[in-house]
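Keeping the supplied structure of chain A fixed, place chain B upon it in accordance with the hints.
Here the protein sequences come in this chain order: A and B. Residue numbers for the first sequence follow this note's numbering, beginning at 1 and rising by one. Residue numbers for the second sequence follow this note's numbering, beginning at 1001 and rising by one.
Please keep in mind that the hints were generated in silico from the structure rather than gathered at the bench. There is no bait here: all hints are sound.
Which chain A residues face chain B? A few, computed with CB under 10 Å, are given here: (1) Ser146; (2) Ser178; (3) Ser210; (4) Cys212; (5) Ala229; (6) Ala233; (7) Gln245; (8) Val248; (9) Thr263.
Simulated DEER-style distance windows between Cβ atoms: (10) B:Thr1020 / A:Pro22: 53 to 59 Å; (11) A:His112 / B:Leu1285: 31 to 37 Å; (12) A:Arg123 / B:Leu1074: 46 to 52 Å; (13) B:Glu1319 / A:Glu189: 35 to 41 Å; (14) A:Gly21 / B:Asp1115: 23 to 29 Å; (15) B:Glu1216 / A:Arg78: 57 to 63 Å; (16) A:Ala82 / B:Gly1257: 52 to 58 Å; (17) A:Ala82 / B:Ala1035: 39 to 45 Å; (18) B:Gly1257 / A:Ser235: 26 to 32 Å; (19) A:His112 / B:Gly1310: 40 to 46 Å; (20) A:Arg162 / B:Leu1074: 46 to 52 Å; (21) B:Ala1147 / A:Gly21: 34 to 40 Å; (22) A:Ser63 / B:Leu1285: 36 to 42 Å.
Note that CB positions come from ideal geometry on N, CA and C, so glycine has one too.
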Amino acid sequence: MTEGKQPIFTLENGSVRYGNGPEAVSDVSVRLYRGEILGLVGESGCGKSTTARAMLGLVPLSSGRLTLHGTPVGVHERRLRASVQAIFQNPAASFNPKRSLLDSVAEPLRVHGQGTRQERRTRALAELDRVGVTEQMALRRPNEVSGGQCQRAAIARATILRPEVLVCDEPVSALDVSIQAQILELLAELRTEQGLAMLFISHDLGVVASLCDRTAVMYAGRVVERGTAPDIANSPRHPYSVALQDAVPSLEPDDDPAPRIRTRTGSDDVDGRLLPGCRFAALCPSVTSVCTTTPPPLDELSPRHEVACHHPFEPAVR
Amino acid sequence: MTPDTTSDVTPAETPGAGDTLLSIRDLVVEFPTGAGTVRAVDHVSLELGYGERLGIVGESGSGKSVLARTAMGLTRAGTARISGQVVIAGHSVLDLKERRRRALWGREVAMVFQDPLSALHPITPIGEQIAEAVRRDPEVTRRQAAARAVELLETVGIPQAARRVHSRAHELSGGMRQRVAIAMAVACRPKLLFADEPTTALDVTVQARILDLFDELCASFGIGLVMVSHDLGVVGRHTDQVAVMYAGRIAERGPVGAVFARPSMHYTSSLMAAIPRHRATEQSLPRPIPGQPPNLLNPPPGCRFGPRCGHASARCRDEQPPLLALGDVPGHEYACWHPGKASR
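Looking at chain A on its own, in the form it has when it is part of the complex (with noise of 0.2 Å):
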């Protein structure tokens, strides 16, 4: 799938820290390759959007770089800017209230000095047609239009000047299902029509899991596990991705809904940034005194799936 090709994008080693705080990220690499989408999953807090805001230049990194198509790229410099681009949550707050989408549409090509008023009205309008935004849409403001139809204008604010990397931090999360699977639908084919790669963020297992190429887990600032999405969804091997997959009730009526795995509990508290060792040790049922002591390294199981585990789950034999 990645073998030989090149990331367009890369956060290598990236470290975030906010005022005197623990790492809120901590040595986390990101590779994003063309036409491909690499999903982020974890619980509140685990780092996935801080990790987004640094690939975006939005927090400065304490360590670690960027680089874009093999070069390290500061995130002032204006191919960063014109290369990648980003899509949040509220749709509507990222908006402004008083001008109609059309408008902000067309602002990215006014700030980069494309075309005339006219052409880019044009653009725009063509841009918003193509992810399903009619024209009479597009002239309202986006108080006045449904959070759905709001997530496409910002995808189309975000397409318009053709950027090679789109960050997407939870995009789905305040739709209902049945919009979400449309707005799903549309990044799949912005994945395969224009070759876009991109970061998706979700706390959500089964949007990662049916949208993305390859996953990564995170868990209390780390990448705990990544692998083809398949892989991660069928037979996660970190205790922490099991557990997360334990917790969703599943639709399936063939699924066992009894867990695989047992988290301990009564050290909920625990913040796992502060542990020497493996992050997830205090929750953790497979635990020894190596966990507690030696943060696990980020190992290969097989060419395609790497696990932070000193004793990675081993699924029952069926």
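Relative to the frame of chain A, chain B by itself:
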């Protein structure tokens, strides 16, 4: 003073298994707005027995929250036009005067909301808040209430409860706050608990424990639960009966297993197909439902789902399908002119 000051809550008949705890008959809730009248709940009838768990699922604007709030007596007559009947443990909620209706809250029926932080006082220690809820029963002394608060915290699974009673809401995690809110709700052993998206703001690992807690409370105290949720998985695993709502009406309902195994109204099956699966053997995108939910100011005259339904006929456009028990399993009802097998 009216004679009923002596007892604000007259004990209804002693509950037995199979008795009706909650009965909603032909409930209509309309909100007048500047642009016209929105009928948020449109002729809904439901029943729930003691110790049973009912899930109400639907998307934003389907009327599921308004239904639950109105049934509890939280929708004010000043803002809404309400007709129909709601009976909880023998009390006709909508006919009660404000003060008598309030007297039911906590002791007969209680509610858990989505955001526990807004349900808890920011400065009062949580123990005091729970004790206050316990003292809705006038016979309980201050000292007894304080002791009961510790017990309740233990019941809802908060470790070191004796120490935790002094904590304030902001010192607790989201999951712990929701446990406190649940402890307050069950403080006076209500017979019926409404939970409106109780785990939507929580991480999935925390959600799983809160849902297990609801299951325990229902099983050990015989509490009837009405859980409103947009999450079909949550309802599928943690309730006995489900009602699927669309545009203010019940589209389909019945035993959870039957409805989800053989969804027969096309909205239910479309909704299920739109949910991304996290453990599917083959990767596939969820199937979107085309279009938008109807504008309730001007709903379609026939089936509310008709304009988005791939199986709609002329009859669906003109006539509203009634909710009928047409399924193979008793109690499985759906409102559809052309019911179909699940396309999954």
